[in-house]
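**Student:** Spelled out from the first residue to the last, the chains are:
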Amino acid sequence: MQPTKEQSLWMYENIVVSRRFEEAIEKVYLEGKTPAFNMANGPIPGEMHLSNGQEPVAAGVCAHLGADDIVTATHRPHHQAIAKGVDLKKMAAEIFGKSTGLSGGRGGHMHLIDPAVNFSCSGIIGESCGPACGAALSRKMQNKPGVAVAFLGEGAANQGAFHEALNLAGVWNLPVVFVIEDNSWAISVPKSEATAVARNDVRATGYGMPGHYIPGNDPYAIFDVAGQAIARAREGKGPTLIEVETYRLAGHFMGDAEQYRPEGEKEALFAKDPIPKMRDRLISDGYAAKDIDKIEKRAEARVAEAITFARDSAYAPQTDALTAVFV
Amino acid sequence: MVVDVKVPQDLWQDDGMEAVITNWLASDGASVRTGALIAEIMVEKSQFEVTAPADGILTIAKQIDDIVRKGDVIGQIT
Amino acid sequence: MLDQPTNERRLTIARAMAEAMQQEMQRDPTVFVMGEDIAGFGGIFGNTRGLFEEFGKERVRDTPISETGFISAAVGAAMDGMRPVVELMFVDFFGVCFDAIYNQMAKNTYFSGGNASVPMVLMTSTGGGYSDAGQHSQCLYGTFAHLPGMKVVSPSNAYDAKGLMTAAIRDDNPVVYMFHKQLQGMGWLGTEAGATVNTPEEDYTVEIGKAKVVRAGTDVTLVGLAMGVHNALKAADKLAEDGVSAEVVDLVSLVPLDRETVINSVAKTGRLIVVDEDYHSFGVSGEIIASVTEHDISKLKASPARVTFPDVPIPYARHMEQFCLPNPDKIVDAYRKM
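Protein chains in written order, with our numbering: chain A, 1 to 327; chain B, 1 to 78; chain C, 1 to 338.
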């Protein structure tokens, strides 16, 4: 499956918006945290898990999804939220903890929920899987269209919730696609030391569904395989497991000194940055450089607008902490 | 004899970086031994250890949360 | 303040925990450590620093993200002659593996009539105050203390941290060792300085099940655990400025709970305020108050009060979270309202 021109440019813009967003968030995150890195300080306190390098997975998969399809994601959700169409301003405002954020500042960066585009995420490893099955089940029961996609990390593929969800999807023939972002690292533990098999696609057989492994963090390859899996699900043919090799260019969380990464590994990954690679591909496919430049400028403008909106928004009254529990 | 407790020049790589004292592991006025761990310093996200360069009584010059650079005197041992 | 011998060797709680494990591992070859990022990384919160370098990967094991798998494995290993120390990285993660903890670790001794023991330590991080939001900031003291069969401890300082860990490892019963993130000594999190105290180099134990009066007083009893102790001590300082003498009780353990120390203190002061960072309802604060009032309500000169976290998920935005958390000013206010 090859992307159309619109889809190619959509993917590229999403990837660039994601990256610029993460860069902007990183800058703001570090405000108030130098030289003393105290996580509690600054306009964006708490933990921060950035998706730099992993953008192709979100773009290649979500290119096939509409607002009515469901995505569940993880503690590293920004690129997926962006690709799913979550309002960038409201997302930024939520990360800043402002009243104009998706939950008025109650959830924060690991708990972004946007019912308008059926996006949610959880900070607990593996917990994206079950709800995706449930959403898929709901659509089946209501005879409504829709596919659910659960994103997870390769570390989460060793969590019980993953295995239960896959079996459930298989035995109930649910329209759900599980997409594992394999960035090789579960904080400091490499995949080779934690997972009994080299690639998780082989686990699909154990759950009665096809499994695919996509090397190289290539948005076009991801577009192809994800497109086929999502089409399968839409046709009522059931679930699929996909594992994608991707790169975590940032630390696990901001503040992670990453001393566990072998020397030279990060430099090698930066050399494989998917953005310049995709730009080169678009140019060799015949797209004009100036059109690509326009996309990049628009991406920067969208991010700048979102960050400004977030900064300029007010905080909710502190008593809002006590509301939105029982509605 | 007064011995300065300095932030070692080889404690971290980037000479220009500022650090923060995160913990004093010996009290002001305590007696310390050479090599004992007496303070923890953080540069960006990494923690480093400072050990006592001599035996004696420690006087603390820089407090927790104070910003220091390589070579700064953070205490003295007499 | 805290009743410690004046000396020159201060440790952070993180270092104290690691030292206790190190000394027990040197002493007893059946002790081993399992968890996520506890080997080369030394633990996300620094509590296994140096262990991997000294003891190697057989006894200091990084695990996959499989809490049910490795915590129930710890139960099995403990019943088979080993003494595992296993980490649940954030107490909030208990949801994915609680059966292994409350249904197996905590009950197998009973189910065997005492013939089998489960000598394991489950160490886990607790506490908020730095905007880690609703799934990474909880204390859940009540959840663990409420269920029978497991001891529960939580140190407020490094001296207790080391002694409690040593005691927990030597205890033939399962012990849940809860360490508060803001007391650890992690530079990137900000630390309550009062938790870093003198800690003896030799091995020693702190009795599990015994509370400590960490500040003597006559007008009101402030009861706290972990971070709550430091809030209570600061509140006591503020109250002292107005001539009010507050006694501060550090519970140290939730299970067994030293009700006697609290009851004796309230018998002396007549006033009780419980500081509990866990959710307000159905937890530790209610248990302390019930224990005191059902013992002898005539000793109370005023209704007991509690400073707790409200019954809502922990909000992310800093001002909201700080609005909800216990702090010294709220404790002082509670006294004034008495």
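Check the hints yourself; a few may be wrong.
[To be verified] Only pairs whose alpha carbons sit at most 27 angstroms apart, straight line, appear in this in silico BS3-like list of lysine-lysine:
(1) Lys62/B with Lys5/A
(2) Lys57/C with Lys266/A
(3) Lys107/C with Lys234/C
(4) Lys237/A with Lys27/A
(5) Lys57/C with Lys45/B
(6) Lys5/A with Lys27/A
(7) Lys6/B with Lys27/A
(8) Lys62/B with Lys337/C
(9) Lys5/A with Lys266/A
(10) Lys62/B with Lys266/A
(11) Lys234/C with Lys268/C
(12) Lys301/C with Lys268/C
(13) Lys272/A with Lys290/A
(14) Lys140/A with Lys290/A
(15) Lys272/A with Lys45/B
These are computed hints drawn from the structure, not numbers from a lab.
**Student:** Against this structure, judge whether each hint is valid.
**Tutor:** Outcome of the hint check:
no., hint, in the structure
1, Lys62/B with Lys5/A, "violated, 61 angstroms"
2, Lys57/C with Lys266/A, "holds, 25 angstroms"
3, Lys107/C with Lys234/C, "violated, 39 angstroms"
4, Lys237/A with Lys27/A, "violated, 45 angstroms"
5, Lys57/C with Lys45/B, "holds, 26 angstroms"
6, Lys5/A with Lys27/A, "violated, 33 angstroms"
7, Lys6/B with Lys27/A, "violated, 32 angstroms"
8, Lys62/B with Lys337/C, "violated, 41 angstroms"
9, Lys5/A with Lys266/A, "violated, 32 angstroms"
10, Lys62/B with Lys266/A, "violated, 36 angstroms"
11, Lys234/C with Lys268/C, "holds, 21 angstroms"
12, Lys301/C with Lys268/C, "holds, 11 angstroms"
13, Lys272/A with Lys290/A, "holds, 23 angstroms"
14, Lys140/A with Lys290/A, "violated, 45 angstroms"
15, Lys272/A with Lys45/B, "holds, 26 angstroms"
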